[in-house]
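Visitor: Chains as they are written, first to last, in our numbering: chain A, 1 to 304; chain B, 1 to 313.
Since the hints were made in silico from the structure, they are not lab data.
Any given hint could be a false lead.
[Unchecked claim] Derived coverage of chain B by chain A (criterion: at least 3 residues anywhere in the stretch with Cβ under 8 Å from a Cβ of chain A; other residues may be distant):
1. 27 to 39
2. 170 to 181
3. 221 to 235
Glycine included, every Cβ here is placed at the ideal spot set by N, Cα and C.
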Amino acid sequence: MIPLLQAQAPATSFWSEAFNSSELWTKLIITLIVGLVVMVGLLYAPIRARKPIVAFFTFISGAYWVLLYLWPKPIDRQPGEMPLNTVETVSFWLADSNNVVVSFTQILTGFLLGLGIFSLLKIHLTKISKGHKDAFFSIVLLASMGLMIWFGYADWFDRLGERGAMLDNRDNWGFTQYGRDFLFEGLLQQMDAAMFSVIAFYILSAAYRAFRVRSVEATILLSAALLVLLSLMGAVSFVWDENVKAIANGNPFILNFQLTEVAQWIRNTFQTSSIRGIQFGVGLGALAMGLRLWLSLEKPGSGS
Amino acid sequence: MPLSEVYIGEQYRDSGWFGVFMTLLVAAFVLVNIRRARGGKDLYIRRIAGLNAIDEAIGRATEMGKPVLMVPGLSDTINAIAVQAVNIFAYVSRIAARFANPILLCCYNAAVYTYAQETIRDVYQSEGVADRYDPDSVRFVSDRQFAFAAGVSGLILREQTAATFFLGEFYAESLIFAETANSIGAIQVASSTETTQTPFFIAACDYVLIGDEFYAASAYLTRQPVLVGSLVGQDWSKLMIILMIVFGTILNTFEIQGKTTSERTKGVWSQIPERNKKQSDTFMSQLFKPQLEKVKVERPIDPNYVPEGEAAK
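Here chain A stands alone, though its shape is the one from the complex:
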């Protein structure tokens, strides 16, 4: 019920019936039937017809987002207001439908997660049944998954009931809450943190390889990195900058050679412009890719 509650949009939406009302249930059942008919239709559609059908639905789905971006958005819209003209009627409808359209994605993801879990179960149950040498890890994984699901849902159901508010206080916790807390906060979060910490060691080994003086480019990279690193060390940058100030004696040109200034110049002039250049390329690529997918110009696996 939670996703449906979240999907309830303001008054102008198709789905904005009262929670648990017969109107809402009627719409849901009709939608479910339509969905099933479409699915069965797709399954039995001739293979040649499938591509245009998929292209049609892709276009309609994408058109919503294109329209949401291009159609004039209402100015100063307040809750409960009605549209003034046709343009606003469409823009109100587009804005109000947003929650519902986003919910479609969430529902689809929910179904697909089931397929993901099926993949995990299949791989690891096979390993266990065949007595693979790593079967122990598979047992640990499946047991952890089962326990986490059980404790997670049991705790969620507890919190839905009358005791829910009381469970905010740790003194009222039972076995379920302690179990969930141990698994999630005590184990999972800590293991996440441990994996994240490992990156520090990897940075060291990668930096050692990257910053070796092998070519002109590597030397420039090493020098720039060294200057930026030193500028972040308070004591080093303080001593350097004070010495430069003493030598400069107020000369603005020589003051540019303070370590913090040099590091800032490297960041602003080289790093920022390079990153922006890359981001322009990535943004344009994503836009072109999105356009090809929306218009079904790109077929799945076209890289091959």
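Start from chain A and add chain B according to the hints.
Guide: Chain B alone, transformed into the frame defined by chain A:
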């Protein structure tokens, strides 16, 4: 404010139209060039070292009899990045299928997993070696970032992969993958659409596709007219951006020398004592930063509307 200005739409007020205009122009460039390429026009793509290395990496894996590992990034859902990554992996899988080389494709997202599974199965079928396809070669690992990192790293170490491809959306886990694969001597081709992760890949991997090279991959590998045309459209767009930067730099250089007696704050112009122009006073700055004046629009209230607070009572 005149009524005509009020109803142009929030996003088009002041210079807000410019972003929409540029987006449409880029779309037009892409579509025009796809049309040109379809018409038989020969369009040039420069050499990309990272993509030439794909065949070399798979060849090495075949010689060693070890699997090729692919990770299509950590996209939260199927987006353009994930689709592009899987498209490149389709090419990798095709070469691997020809040489009967085992593959492993690890997914972070269940939606990407289903898409990847379908795509790779199609590749094996189209190569006529459907029997070589192992459904477990495309697998969902976890949708939790570091659990996924741990799972994939474990897989790299256990399977001793000879070649690894990390293409897509990567975050903090990028270095965990790259260094783990490096530690076993795997040949690595990587690309991240996150600019913060690209340096890590450059430090740890053999070949890195930077920025839009990732999107150019399909066009480069297959030379399909649609993809090549699209790539040329992107290049036209980049050229337009470069020209705009040059024009803006020259214009700003001259403008910033002058003085001003007026200033605009939140869309409202006001007279001020004369001062030197700041960057925010320049034409380019105002073009790229729409300043929306607060406007009040009177609309009728829906008679059935119940305010949120009262509905709860």
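Visitor: All the hints need checking, so say for each whether the structure fits it.
Guide: Quick rundown of the hints versus the structure:
1. 27 to 39: Answer holds; 4 residues pass the 8 Å Cβ test.
2. 170 to 181: holds (count 6)
3. 221 to 235: Holds: 9 residues of the segment 221 to 235 of chain B have a Cβ under 8 Å from chain A.
Checked against the numbered hints listed earlier, the structure breaks none of them; every hint is satisfied.
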